[in-house]
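Sequences listed follow chains A, B and C, in order.
All residue numbers for the first sequence refer to numbering that gives the first Met the number 0, where the first residue is 0 and numbers rise by one.
All residue numbers for the second sequence refer to numbering that gives the first Met the number 0, where the first residue is 0 and numbers rise by one.
All residue numbers for the third sequence refer to numbering that gives the first Met the number 0, where the first residue is 0 and numbers rise by one.
By construction, these hints were calculated from the structure, which means they are not laboratory data.
Note that the coordinates shown come from a computational prediction; the quantities given were computed from them, not determined experimentally.
One or more hints might be untrue.
[Unchecked claim] Chain C is nowhere near these chain B residues, computed Cβ spacing over 12 Å in every case:
id	residue
1	69
2	111
3	157
[To be verified] In silico DSBU-like cross-links for lysine-lysine, where the CA-CA straight-line distance does not exceed 35 Å:
id	chain 1	residue 1	chain 2	residue 2
4	B	241	C	196
5	B	190	C	301
6	C	2	A	156
7	A	110	A	157
8	A	29	C	220
9	C	196	A	84
10	B	185	B	160
11	C	2	A	159
Ideal Cβ placement from N, Cα and C applies to all residues, glycine included.
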Amino acid sequence: MIEIICSGIGGQGVLVAGMVLADIAMEDGKNVSWYPSYGFEMRGGAANCEVKIGDEDLQSPYCYEPDILLTMSESAIDTFEERLKPGGVLLVNSSLVSPDRKYRDDIKVIKVPATDIANELNNHRGTNIIMLGALAGASDIYDVDHVRAGMNHYFDKKGKNNPKNVAAFDAGAQAAIEQL
Amino acid sequence: MNFKIPKDIDMTQQASWCPGCGHGIICRVITEAVQELGVSNKILTVDDVACGQFGQFAMKYNTVMSAHGRTIVTAAGLKHARPDCLVIARPGDGSAYSIGIESTLYSAIRNDNILAIVINNSVFGMTGGQMSPASLPGMKTATSPFGRDEKKNGSMLDITKILANTDMAYLARGAVNTPANTEKTKKMIKKALQKNMNGEGFCLIDVLSMCPTNWKLSEIDACEYIKTTQSKYLPLGEFIDKGGDK
Amino acid sequence: MAKVLMKGNEALAESCLRAGCRFFSGYPITPQTEILEYLCWRMDEVGGDCVQTESELAGVNMLLGAAAGGMRALTTTAGPGFSLKQEGISYLCGSDLPAVIVDVQRIGCALGDIFMGQGDYWQLTRGGGHGDYRTIVLAPESVQESVDLAYGAFDLAEKYRHPVLIATDATIGQMIEPVELPPMIEHDVDTYDWALKPREEGEPQRAIWNRYWDWEDGGRKYPAYCLEKYNKMEAEEQRWECVQTEDAEIVMVAYGTSARVAKSAIAIARKEGIKLGLLRPITLWPFPQKAFDELEAGGKVKAILDVERNILGQMKDDIVLATGNRIPVEFYGEYWDNMNEFKIVEYVKEMLGRY
Numbered sequence: 000m001i002e003i004i005c006s007g008i009g010g011q012g013v014l015v016a017g018m019v020l021a022d023i024a025m026e027d028g029k030n031v032s033w034y035p036s037y038g039f040e041m042r043g044g045a046a047n048c049e050v051k052i053g054d055e056d057l058q059s060p061y062c063y064e065p066d067i068l069l070t071m072s073e074s075a076i077d078t079f080e081e082r083l084k085p086g087g088v089l090l091v092n093s094s095l096v097s098p099d100r101k102y103r104d105d106i107k108v109i110k111v112p113a114t115d116i117a118n119e120l121n122n123h124r125g126t127n128i129i130m131l132g133a134l135a136g137a138s139d140i141y142d143v144d145h146v147r148a149g150m151n152h153y154f155d156k157k158g159k160n161n162p163k164n165v166a167a168f169d170a171g172a173q174a175a176i177e178q179l
Numbered sequence: 000m001n002f003k004i005p006k007d008i009d010m011t012q013q014a015s016w017c018p019g020c021g022h023g024i025i026c027r028v029i030t031e032a033v034q035e036l037g038v039s040n041k042i043l044t045v046d047d048v049a050c051g052q053f054g055q056f057a058m059k060y061n062t063v064m065s066a067h068g069r070t071i072v073t074a075a076g077l078k079h080a081r082p083d084c085l086v087i088a089r090p091g092d093g094s095a096y097s098i099g100i101e102s103t104l105y106s107a108i109r110n111d112n113i114l115a116i117v118i119n120n121s122v123f124g125m126t127g128g129q130m131s132p133a134s135l136p137g138m139k140t141a142t143s144p145f146g147r148d149e150k151k152n153g154s155m156l157d158i159t160k161i162l163a164n165t166d167m168a169y170l171a172r173g174a175v176n177t178p179a180n181t182e183k184t185k186k187m188i189k190k191a192l193q194k195n196m197n198g199e200g201f202c203l204i205d206v207l208s209m210c211p212t213n214w215k216l217s218e219i220d221a222c223e224y225i226k227t228t229q230s231k232y233l234p235l236g237e238f239i240d241k242g243g244d245k
Numbered sequence: 000m001a002k003v004l005m006k007g008n009e010a011l012a013e014s015c016l017r018a019g020c021r022f023f024s025g026y027p028i029t030p031q032t033e034i035l036e037y038l039c040w041r042m043d044e045v046g047g048d049c050v051q052t053e054s055e056l057a058g059v060n061m062l063l064g065a066a067a068g069g070m071r072a073l074t075t076t077a078g079p080g081f082s083l084k085q086e087g088i089s090y091l092c093g094s095d096l097p098a099v100i101v102d103v104q105r106i107g108c109a110l111g112d113i114f115m116g117q118g119d120y121w122q123l124t125r126g127g128g129h130g131d132y133r134t135i136v137l138a139p140e141s142v143q144e145s146v147d148l149a150y151g152a153f154d155l156a157e158k159y160r161h162p163v164l165i166a167t168d169a170t171i172g173q174m175i176e177p178v179e180l181p182p183m184i185e186h187d188v189d190t191y192d193w194a195l196k197p198r199e200e201g202e203p204q205r206a207i208w209n210r211y212w213d214w215e216d217g218g219r220k221y222p223a224y225c226l227e228k229y230n231k232m233e234a235e236e237q238r239w240e241c242v243q244t245e246d247a248e249i250v251m252v253a254y255g256t257s258a259r260v261a262k263s264a265i266a267i268a269r270k271e272g273i274k275l276g277l278l279r280p281i282t283l284w285p286f287p288q289k290a291f292d293e294l295e296a297g298g299k300v301k302a303i304l305d306v307e308r309n310i311l312g313q314m315k316d317d318i319v320l321a322t323g324n325r326i327p328v329e330f331y332g333e334y335w336d337n338m339n340e341f342k343i344v345e346y347v348k349e350m351l352g353r354y
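Looking at chain A on its own, in the form it has when it is part of the complex (with noise of 0.2 Å):
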């Protein structure tokens, strides 16, 4: 089972990035539920999903204990960290988090400029994306042309496939893996 949370600031799409690890686990015919929590706030508040991913029977959509957190904020680093089961990825966007911020060193984790990179591929709703493309370059349980492939497939199936998703994609992929 693999536990998969997803966290940042509404408008972010992480709950988009959730998503796209949802079809591909469903395309691969594993049970899969895609749970979604907010803040307080209506509107740039915190967005969250919970991905969880298995062989087995159904279980609790709730993930206590996350294999992988894609972070997207500060915030979503200081709320779910802790949860990280120890060995576990962190992915953070290093664009918007102090670079002196200490991390627990139990866990792997892995700095992606997402906003920087996006700004330069001249794609600034990329960021989630390239958080993706992170996901897939850092964490052994993923293969990166098979998320690369089940993303194509997930926003094929939509009808809106953005043609600048898989340079985004790789970049992400890309920065992980330079840190491995």
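Model the placement of chains B and C on the given structure of chain A, informed by the hints.
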């Protein structure tokens, strides 16, 4: 004059209204209007809990008994299931203007293509003559024993003023205290049913109706009371009559 | 058919359409609102009617009219709105009218809060309206089960000419999971002879009203009629799922999302050698008495743990009734926080020390 019992009136069942009550006359004019339009096989009614409920024994139409105050909204639901039928809701003034006022308003706002015939005797009849929203200023009822006091009880509700600015198809007030008024009321019902057949939308006819028992008047004096008092506060006439543009 | 990812609320709404439901009347309230929003565009596509009513009261009473006319009719709500539905549910029961009413449960009384909860068990199973009646209450634990139970709910309602309630919750309603959707069917409003249409000349008058008025001396025959109907429901409609109860010393009883978490708790407990099982009622009423009888006959159970997302352990009453006080029953609840399988296992360990 040649009086005949309309074929849609059921003479085999007992409608337990008090002597002099207006309900029976209203049932007669409904059936006459329906028969004159030749639409007996299109009518469904929704009855209220309380005196109006006896109408289902007086008329032969197939009917749904709604919860008190939900007559009009339940009729709107029935219309969705049976769009080719003519659906008539028959609440009283207590039901339509007190507990059910939100649904009365919203059927007008949504312009539901149904007819509401509100039997308005300015009291809650079945429960023993309590004050209703349409009780007249100064009117003595079981719950306004010293007369309706606007400061204490709020002002009288005239539905024609409340619905005046909605886009409903037809809004009128008739009465059944005299043969002439009864005939006019029948014409209103026919007009409204015709509008429903045209798909024009919500029609509401407020019918002033005698309640000698709770008014504590004789049958004849109750008819006179409508003429001298009730219709002075609640004037008769047509208030909205949108031309059928559909 | 291929699976699709769908939000619980939307999948339930789609399933109702596919079951031939062509009428919805309801009011916005979190966490149910996606059903109303979904049906506001989707009903148009299938030629049905979706009405956003002025209140939940109007919603359920408009539904009564549509149901009387023979439509497969749906209304949905949550928590405070479910209180307002009670009048209509009582009238549907008294009038022998089938309809489906969904309560996407949230937490607490009064406003409570909009988040996950199982606050309405008593109201769902005891009948919050006036008079004595029962309603079948279906409690799915997943998006797929929401679809499956909703799809069959209309048949069940028509089988008994009786409203059927579906109790989901904020988590199941908001959660996205893969689902397989059933085929689309159309429902003819004239399928059943009780459905109201205008009287043809020469036919007897028909009314949908207090059902006992339909018989000579009906008032005296009605109690037996009701008892027969409810006894039949109890005999034929109990549904449940048992998970590793065969050797379990502690058996959790949980429904909906809490049952999902309980299943995760079993996985943890079993790794530690703790014999933990789950009895999941799928019908909250009729409560699965047969499952409890089998459990008791097995002779292994030391104690039962009622796991619910509320304060008072509303389902515990039914568990005690089902086991006749012969097995101790404890309650583990969460209110503010999500149900947590690790905490449940800790509680079970404490329990084992007591029995």
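Outcome of the hint check:
no.: 1; hint: 69; result: violated, 4 Å
no.: 2; hint: 111; result: violated, 9 Å
no.: 3; hint: 157; result: holds, 21 Å
no.: 4; hint: B:241 x C:196; result: holds, 29 Å
no.: 5; hint: B:190 x C:301; result: violated, 74 Å
no.: 6; hint: C:2 x A:156; result: holds, 13 Å
no.: 7; hint: A:110 x A:157; result: holds, 30 Å
no.: 8; hint: A:29 x C:220; result: violated, 55 Å
no.: 9; hint: C:196 x A:84; result: violated, 64 Å
no.: 10; hint: B:185 x B:160; result: holds, 22 Å
no.: 11; hint: C:2 x A:159; result: holds, 20 Å
In summary, the numbered hints that this structure violates are 1, 2, 5, 8 and 9.
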